[in-house]
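Protein sequences appear in the order of chains A, B, C and D. Numbering follows this note's numbering, in which position 258 of the first sequence is assigned residue number 248; successive positions increment by one, without gaps. Numbering follows this note's numbering, in which position 162 of the second sequence is assigned residue number 152; successive positions increment by one, without gaps. Every number in this note's numbering is 615 more than the matching position in the third sequence, counting from 1. Every number in this note's numbering is 615 more than the matching position in the fourth sequence, counting from 1.
Check the hints yourself; a few may be wrong.
[Stated by the list, open to error] The list that follows gives simulated cross-link-like pairs (lysine-lysine, BS3-like), each with its CA atoms no further than 27 angstroms apart:
#	chain 1	residue 1	chain 2	residue 2
1	D	K627	C	K938
2	D	K956	C	K872
3	D	K702	D	K671
[As the list claims (entries may be wrong)] Quick look at which bits of chain D chain C covers, simulated, 3 or more residues with Cβ under 8 angstroms:
#	stretch
4	775 to 785
5	804 to 813
6	901 to 910
7	926 to 936
Treat the hints as calculated values from the structure; they're not laboratory data. Note that CB positions come from ideal geometry on N, CA and C, so glycine has one too.
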Amino acid sequence: MRKLDYTTIFFAIMGSFLVLFIFIPIINLITSSDAGSIISNLQDSQVISSIFVSVYSALFATVIALLFGVPLAYILARHDFKGKGFIESIIDVPIVIPHTVVGIALLLVFTSNGIIGAPLSKLGLTFTDAIPGIVIAMLFVSSSFVVNSSREGFESIDPRMEKVARTLGAGTLRTFYSISLPLALRSIVVGSVMCWARSVSEFGAVIILAYYPLVAPTLIYQKFVNYGLDNATPVAVILISICLAIFILVRVLMRGWRTYDKN
Amino acid sequence: MRKLDYTTIFFAIMGSFLVLFIFIPIINLITSSDAGSIISNLQDSQVISSIFVSVYSALFATVIALLFGVPLAYILARHDFKGKGFIESIIDVPIVIPHTVVGIALLLVFTSNGIIGAPLSKLGLTFTDAIPGIVIAMLFVSSSFVVNSSREGFESIDPRMEKVARTLGAGTLRTFYSISLPLALRSIVVGSVMCWARSVSEFGAVIILAYYPLVAPTLIYQKFVNYGLDNATPVAVILISICLAIFILVRVLMRGWRTYDKN
Amino acid sequence: MIKIENLSKDWKKFKIDNISLEINDNEYFVFLGPSGSGKTMLLELIAGMWSPDSGKVYMNNTNVTYLPPEKRGVGFVYQNYMLFPHKTVFENIAFGLTLRKKEKQQIKIEVEELMNLFGISELSDRLPRTLSGGEQQRTALARALIIHPKVLLMDEPLSALDRKTREELIQEFRRIHKKFDITIIQVTHNFDEALQLADRIAILKKGKISQVGTTDEIFRHPKDKFVADFVGSENIINGIAKEGIDGLTIVDTGNIKIESSQKKIGDVHLTIRPEDITLSNENIVTSARNVFKGYIKEIYDLGTIIKLTVDVGEQLILVLTRKSFSDLELNIGKEIYIYFKATAVNLF
Amino acid sequence: MIKIENLSKDWKKFKIDNISLEINDNEYFVFLGPSGSGKTMLLELIAGMWSPDSGKVYMNNTNVTYLPPEKRGVGFVYQNYMLFPHKTVFENIAFGLTLRKKEKQQIKIEVEELMNLFGISELSDRLPRTLSGGEQQRTALARALIIHPKVLLMDEPLSALDRKTREELIQEFRRIHKKFDITIIQVTHNFDEALQLADRIAILKKGKISQVGTTDEIFRHPKDKFVADFVGSENIINGIAKEGIDGLTIVDTGNIKIESSQKKIGDVHLTIRPEDITLSNENIVTSARNVFKGYIKEIYDLGTIIKLTVDVGEQLILVLTRKSFSDLELNIGKEIYIYFKATAVNLF
């Protein structure tokens, strides 16, 4: 096609508005705080502990999502069954539920007299204002990333490759971990990182289940409400830097990941 | 393959934990409120107006996302250029930024003395504690749904089909709206609905830019903090019902949407 | 011996409809059919990759219908090779032995022996995506054969390859069949392939078997119009058959009368293979019962051979070599005579 | 007339490397090459779907190098039809006219005329996905022809079709070529197709043209080993050429001496088309300069024809019809004589 026709130029201009709309606030934020206030915040034990709670809880949520999500993804990729559409919907539905509604829904179930919270509280596991509460809030909003990305990974593997492995003497489980899992690993890792990042980003659901222990997004909100924008900004800069660093690291890693051409 | 081997059964059991973890809180929430309190909330003008603000602002954000996002998606689907990976990253990055950080970042730029807010405030457009603020918060977190889904739609159209249209006498723009757009419409609609739902669900970014006018998620939070769980639950039930209704409606519509087999 | 009894399976748009069949030990058996005829599913049913809706599969008189593929000891080769892309050629071939927990040294010996056999030793450490189609298919063959299966199943193993590699692999298949003391069942949509390789052929149509027989039986005596079309019988004519003299049948096509040595009465189709028709400039006397005068209507240059359409009342197609063609000085409109024997006329 | 001058384009793994070429008005021209030879890109460059890196394209002496496709007035037909899936057959064919803002009634008349021509009138209101491959390709042809292009470009238009439909469409192509007073440029990887359709053929290899010529020139006198391999010359032998008697060249292959009417000295390849070799049970006298005694080494039953490998010092392949094969009572190991003329020996 011609390289520069008017339609393409017009489309490019329209598109760049959206790109700038996202890009400018991020760059502006990162460059808005002076080094001094960032360093003093990095020495603030409340800031450090809130970031630690965020990172740690999100990691925990991701591990749980992997444990249950990868088998589910494999089932969805390989089997057709009645009610499959229903299960797919269930996995996707957290994206469209308002975050504070998620918090309310989880709180109702996981309080010490909720239908799941009650038996678990007898085992000494409490969710309100505790790390487990943060983890389940994160898990609820982010597990779909692991399931959907892993599923795409499994679906990109020709099932006939697994069938050949079977004829060579591998059982279902052996076929899964020696053929399917290694080939889908890249997609699973991508999904995990998105799951982790989405977990760190959650605020509405977490704040209802567990205002304390403070996660980083809650701390930023608290600082903003109590001391104003200037006070909240340095923490926001620190948190966005961590998120962007992870995001960029993953993109770079993924680009270098050895991909296998489909045969 | 054998229908019931142990691996499959084990995977299914693991997977169903995750499904139940999402399903139970939602069902529990929907069935937790009595009809009386829901009806009285539906007659509460504050509830109605907050839902209206949510729905209306989300719709507005979606229209803007479509206006700028669809051309961008088409460019990304059809052209290779330097910096393409960078632009793709920019579009995806809002997913991983914590919601309150988004709020801080947008507030810095869109206050009446921010780099974008200042010129616009002279035109009479204010963002803090106003509908425009809610809309940009929503747009920031949700526009990627429109871009990525539309792009997938365009990518599934064989470019050779557009090339044939060109040889028959259609210019680039004509080819776009008579061939590419109709064929990608399904994906664009799916992306729009996800964009709208994600907009409604946003809480952290909205609350920082505009606590008032109250959106529904903020109202739920306010009721929860001020009057407790029992008081917040009916509003949560109303909001989740709206979201689920839209979600189910779209799934049903999409299933009936006439799809064209790829040639 | 493989015995299939009333096998049925209906899944999405694929279907196997009550197939019964026996395949002998060490036979080279080919399923031939157009796409959508269910031939791949039939092969996968034999391998145990599906449960049939009904029916049974026996191998060596054992009912294996519900045995999973890993317990059947069959080798499988797909059209698109289906090599494990994250494993080297060596690891791909060794896979079956690794599962059997053989000693490393023993595995190395056996894999190298097979790589030698297929001339792929120097590819040992390469990943599949760096190989050509032919190299990949040789690796896939070696991978399937290393477990010494009694049965080798191949699903369109030549369709993704270019003409030259295809001909090389046809030689390999023949060699394997002799060397390995193995039953080979191959699926293809290409009749020429089947003709070059098969001991027996089964023609599949919409999940049912239309005809089973040796290549010659199917080639010369297609049982119905579908088979005749599929094996490329270009001269298919309708007519009414009556008893003739000398025990022959006379078919009246409306325009000409053709004699056949096969016995049939009433509405029939008849086929004559193009290469069974002789052409001459003069009306010479031969032993052929069918002689017609006509003219050349169309000439197709197919390179190695020339195809003619001759109008003798009915339009018949015949082929000759480029050499005969120029010796006879043929051109469009030229009057000629054609001859064919009554035994060359197949009725159905 | 289409004139291509020093055209080059390098994009991802595809490449066109300094191609110059002239295609005459009303010519049926075929680009023949293996996949990856850049033939589709060349066609798309002619259609204006790419900007070349360098070089020019002329149509009727006008430089169209930077004209967008919608201004070139060429028709394009792809292998996978590329019908607009959301439009009916009628709407697909009418598309070009609708763009030209013709009156509805006029469009209806023209579309129906073309649908009649291709025998697809009754499909008018159907969506493309409900059609067979042949029907889709006919629709695509009608869609391209309705704007009465001076040039029709076709990219592997027969590759996705089964044998029978392919032969039908070859007839259609011939008919269109005669009826529409049009230049057709077709791309294919299948030599038989080219042979049946082309006035001239260009052989492409890695973005360069290896040879251009009439079908006969390319078939009988391939210019190098690549072309010879590609057009299926199976008898390719190396040897040393010396001057012989009667103005002939003698090629010593090391095992036998072959005479050729072409003049060349030194290291050469020679090709002999299998159908140019005659076979006899006796040493009869003919005008053929090359006569060798040998034995039959291999027999391949290809259905319509039989292919033999004969060992006369060198191994030569020859073909004969099934009928000649049985008349001569041939079998493996049998001693026979082969003959071919010096003019049948191509040197390069």
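A quick look at each hint next to the structure:
no.: 1; hint: D/K627 / C/K938; in the structure: 46 angstroms, violated
no.: 2; hint: D/K956 / C/K872; in the structure: 42 angstroms, violated
no.: 3; hint: D/K702 / D/K671; in the structure: 36 angstroms, violated
no.: 4; hint: 775 to 785; in the structure: holds (count 3)
no.: 5; hint: 804 to 813; in the structure: holds (count 4)
no.: 6; hint: 901 to 910; in the structure: violated (count 0)
no.: 7; hint: 926 to 936; in the structure: holds (count 3)
Consistency with the previously given hints fails for numbers 1, 2, 3, 6, ordered from lowest to highest.
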